[in-house]
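As they're listed, the protein sequences go chains A and B.
For what it's worth, the numbering used here labels the leading residue of the first sequence as 3, then goes sequentially.
For what it's worth, the numbering used here labels the leading residue of the second sequence as 3, then goes sequentially.
Quick caveat, the hints were computed from the structure, so don't treat them as lab data.
Heads up, the beta-carbon is just placed ideally off N, CA and C, and yes, glycines get one too.
The reader is advised that the hints may include incorrect statements.
[Unchecked claim] If we take Cβ atoms under 8 Å as the criterion, some of the chain B residues that face chain A in the derived model are:
1) 109
2) 154
3) 220
[Said to hold, decoys possible] If you want a taste of the chain B side facing chain A, the calculated C-beta under 7 Å gives, among others:
4) 73
5) 93
6) 98
7) 101
8) 111
9) 116
10) 119
11) 120
12) 123
13) 124
14) 133
[Stated by the list, open to error] Counterexamples of contact, computed for chain A against chain B with all Cβ distances above 12 Å:
15) 28
16) 127
17) 250
18) 276
19) 277
20) 308
21) 477
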Amino acid sequence: MRGGIRALGPRGSVAVLAGFLFAGGFGGLAGALLLYLRRLGPAAAENSTATLLTFLVLSWALGPVLALASDNTLDMDSLALFPLRAAQLMPGLLLAAPVGFGGLFTVLLLVGLLAGSAPLGAGAVLSLVAVLATLALCLTTSRLVSTALSALRGRRTWRDMALFAVPLVALAVNAGIQLANRAFVSRVEPGAHVAVWGRGVAVATASVLRWLPPGWPAQALAAARAGDLLRSLAASAATVALTATLVWWWWLAIQKANTTAMVASGTGHRHRQLVPGWLRVFPAQVQAVAAKELRYAWRDPRVRATMLGSSAAAFAPLLSFQALHTGSARLPLLAGWPALAFGAAGTNLFGFDAASWWTNVAAGTRLRAEVFARTMARMTVGLVVILPVLGLLVWLSHNWIGLLPAAGLAAAAGGVSIGLGARASVKTPFPYPPAGRSGVFSGAGAGQGAAAAGAALGTMFGSALIASPVLILSLVLPARSPAQALALLLGLAIGVAGWIVGVRLAATLGQGREVDLLAVLSTAR
Amino acid sequence: MVEGQRRRKVTTAAKAPAEPPAVLIEGLRKSFGRKPAVVDLSLVVPAGAFFGLVGPNGAGKSTTLRMTTGLLRPDAGRASICGQDVWSDPVGVKALLGLLTEDLRLFDRLSGSELLTYNGLLRQMPPEVIRARSEELLEVLDLAGARHTLVVDYSQGMRKKIALACALLHAPRVLFLDEPFESVDPVSTRTIRTVLQRYTLGGGTVVFSSHVMETVERLCDHVAIMSAGRVVAAGPADEVRGGRRLEEIFFERVGARPDAPQGLEWLATSSD
Numbered sequence: 003m004r005g006g007i008r009a010l011g012p013r014g015s016v017a018v019l020a021g022f023l024f025a026g027g028f029g030g031l032a033g034a035l036l037l038y039l040r041r042l043g044p045a046a047a048e049n050s051t052a053t054l055l056t057f058l059v060l061s062w063a064l065g066p067v068l069a070l071a072s073d074n075t076l077d078m079d080s081l082a083l084f085p086l087r088a089a090q091l092m093p094g095l096l097l098a099a100p101v102g103f104g105g106l107f108t109v110l111l112l113v114g115l116l117a118g119s120a121p122l123g124a125g126a127v128l129s130l131v132a133v134l135a136t137l138a139l140c141l142t143t144s145r146l147v148s149t150a151l152s153a154l155r156g157r158r159t160w161r162d163m164a165l166f167a168v169p170l171v172a173l174a175v176n177a178g179i180q181l182a183n184r185a186f187v188s189r190v191e192p193g194a195h196v197a198v199w200g201r202g203v204a205v206a207t208a209s210v211l212r213w214l215p216p217g218w219p220a221q222a223l224a225a226a227r228a229g230d231l232l233r234s235l236a237a238s239a240a241t242v243a244l245t246a247t248l249v250w251w252w253w254l255a256i257q258k259a260n261t262t263a264m265v266a267s268g269t270g271h272r273h274r275q276l277v278p279g280w281l282r283v284f285p286a287q288v289q290a291v292a293a294k295e296l297r298y299a300w301r302d303p304r305v306r307a308t309m310l311g312s313s314a315a316a317f318a319p320l321l322s323f324q325a326l327h328t329g330s331a332r333l334p335l336l337a338g339w340p341a342l343a344f345g346a347a348g349t350n351l352f353g354f355d356a357a358s359w360w361t362n363v364a365a366g367t368r369l370r371a372e373v374f375a376r377t378m379a380r381m382t383v384g385l386v387v388i389l390p391v392l393g394l395l396v397w398l399s400h401n402w403i404g405l406l407p408a409a410g411l412a413a414a415a416g417g418v419s420i421g422l423g424a425r426a427s428v429k430t431p432f433p434y435p436p437a438g439r440s441g442v443f444s445g446a447g448a449g450q451g452a453a454a455a456g457a458a459l460g461t462m463f464g465s466a467l468i469a470s471p472v473l474i475l476s477l478v479l480p481a482r483s484p485a486q487a488l489a490l491l492l493g494l495a496i497g498v499a500g501w502i503v504g505v506r507l508a509a510t511l512g513q514g515r516e517v518d519l520l521a522v523l524s525t526a527r
Numbered sequence: 003m004v005e006g007q008r009r010r011k012v013t014t015a016a017k018a019p020a021e022p023p024a025v026l027i028e029g030l031r032k033s034f035g036r037k038p039a040v041v042d043l044s045l046v047v048p049a050g051a052f053f054g055l056v057g058p059n060g061a062g063k064s065t066t067l068r069m070t071t072g073l074l075r076p077d078a079g080r081a082s083i084c085g086q087d088v089w090s091d092p093v094g095v096k097a098l099l100g101l102l103t104e105d106l107r108l109f110d111r112l113s114g115s116e117l118l119t120y121n122g123l124l125r126q127m128p129p130e131v132i133r134a135r136s137e138e139l140l141e142v143l144d145l146a147g148a149r150h151t152l153v154v155d156y157s158q159g160m161r162k163k164i165a166l167a168c169a170l171l172h173a174p175r176v177l178f179l180d181e182p183f184e185s186v187d188p189v190s191t192r193t194i195r196t197v198l199q200r201y202t203l204g205g206g207t208v209v210f211s212s213h214v215m216e217t218v219e220r221l222c223d224h225v226a227i228m229s230a231g232r233v234v235a236a237g238p239a240d241e242v243r244g245g246r247r248l249e250e251i252f253f254e255r256v257g258a259r260p261d262a263p264q265g266l267e268w269l270a271t272s273s274d
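Based on the provided sequences and hints, a complete structural model is requested.
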């Protein structure tokens, strides 16, 4: 760890320190909240503990999958180069496992769990055993998964999938939080159907989880608290036995990893024409760049992860709006938000192509064609993201006329933000790290996050301001009046104008500066 | 036979006074920060030549090629391709040249076939011409079986070959290749060499950088030796060599030691 921090330099060290402070603070807070377990009834406490421990063990198990995309220290394929046997490697790897943010968070959480669950006397000792067994289970599971997956690191398809897993897991966690939020809300609003359903699901899930291996320590803690020492001992013994089995499995996995060569991937692809038929009406350079962008929207894990992330950013706030339950006739207007968020995420159109963009410059591609094609491709993907949201909102509102102003607002917000994003892309381009072995989320230059967020926020606010007349017009008109078609027309006009003006501004700004843009983007390594 | 044909053609080209040189570089200069990379570099590459630019790592070969192909703005000096100034008519000049870079950063999430189509469309070639030439290039370069495989899954040799195919697709008049034979297996090397020789026989000019003297000596009829951003020797290969091996001239001009380094005697012992 010391070596890693030294390698990061002063800024990296500050980031690591901040990470520890965050993990420590968050873990300490979570641990403190677990003191509340004492105030819950036995069944509720056991269910809560079982859910928490399942989440914890799963996090440790998923860690190596996500780390495939970001961290390659202590990889088996690197360690296999050293003349070390499995028995020599295992203690070191096991001790290294809890070092870091995750380890600190876990230890603080488990201390809180112990303090919130353990009774006095012999039950306290058994509770400590259960908590230590949980920690051992977490570490062993993590190492086993890490070792078992090491052979897959050489496969490009697997690394791509791992990159995609990062936002997927983030989404799943977000959805879980939303569900839990609904369950708590139900205490305030007993009439909300979704909330009651959410709480029911949570209780049913927890009652199953307590019987699964990660839930066994929860049973041990509950039994110790209830004074059933024999049952507590049996549950902890089962956890220890499972951990021992995993250790043995891990030993086998190390043996295999040390003696098996990595296999590189090389899969064929289903043949399709690069340029889809509908693009062929455009000039050749526009066809090429737009078709490439559309291919990359799915094939490049960095682009795919970003698209998913911006789609999630577009959807997630909608889940939180209580308005979804109101059935308001104005509900479809919320579609303006995802359009705005998706468009504003495109403020660095050349970033992902930083390393390869020389191809386009060497071919003498006109910047106007480049920007037009890239924004058009983004708009196409945006349509795929926004249309389902729009349909859902219209369906929830029972107001089919609402489709008109909502589509107009989405067109205005999306078109203007994509246009302004194009200009920002030429004004302040920066390279994203190439999708190399260490993944997209590693090696980003210092300050890139702030630059990206600043451009995106500026684009979002500016676009919202320019698109606001559509919203105002729609609100002035009766919600179910066919006159709402005026908002659609106004929105389309603003959106198309914003897009075209943005593309023109970007092209004018970058005219003759292609080589300078290339120089900025070529810093990607 | 091939060597003889090429030399005759170059001699003929050199005698035609009306034809501008394929590449003309005058006083090119570039610094990165305070470190000079290329210093007042001037070169003439005759049309139809197989021109080798040799030098140790960091000599400024890649920087020179990038400035000459319009991918890097020089601090001073000018470059022209077939008589057209690179920086006053960048789009027109780029139609005349093909480029293979050393780091091979391509749009590698496209398949080999898609990458060729992409490059062809960027150069505004008719789709049917792109299709026909792509098929032929993939066949000749032994990539036909991998045409639908993503370039990211290609081996290094395959990447070099697909990059060369992209550079050749529009039949450029001058082909710039940065270390085209580095990290390439002997079979791919022979394929690339054959394609390049066929290209120069057809009147094309090849400018390639390398630090492998044997390759340059075998292929090139003109060479330039670079060291610390400067040209220290240039001209027809026979003249530069002066009857000696190119490697000897190279060591002499760049001031490197051809003898084995001293020390490291411990390497002779086993690590027990």
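Numbered hints the structure breaks, given as an ascending list = Hints 3, 6, 14, 18, 19 not satisfied by this model.
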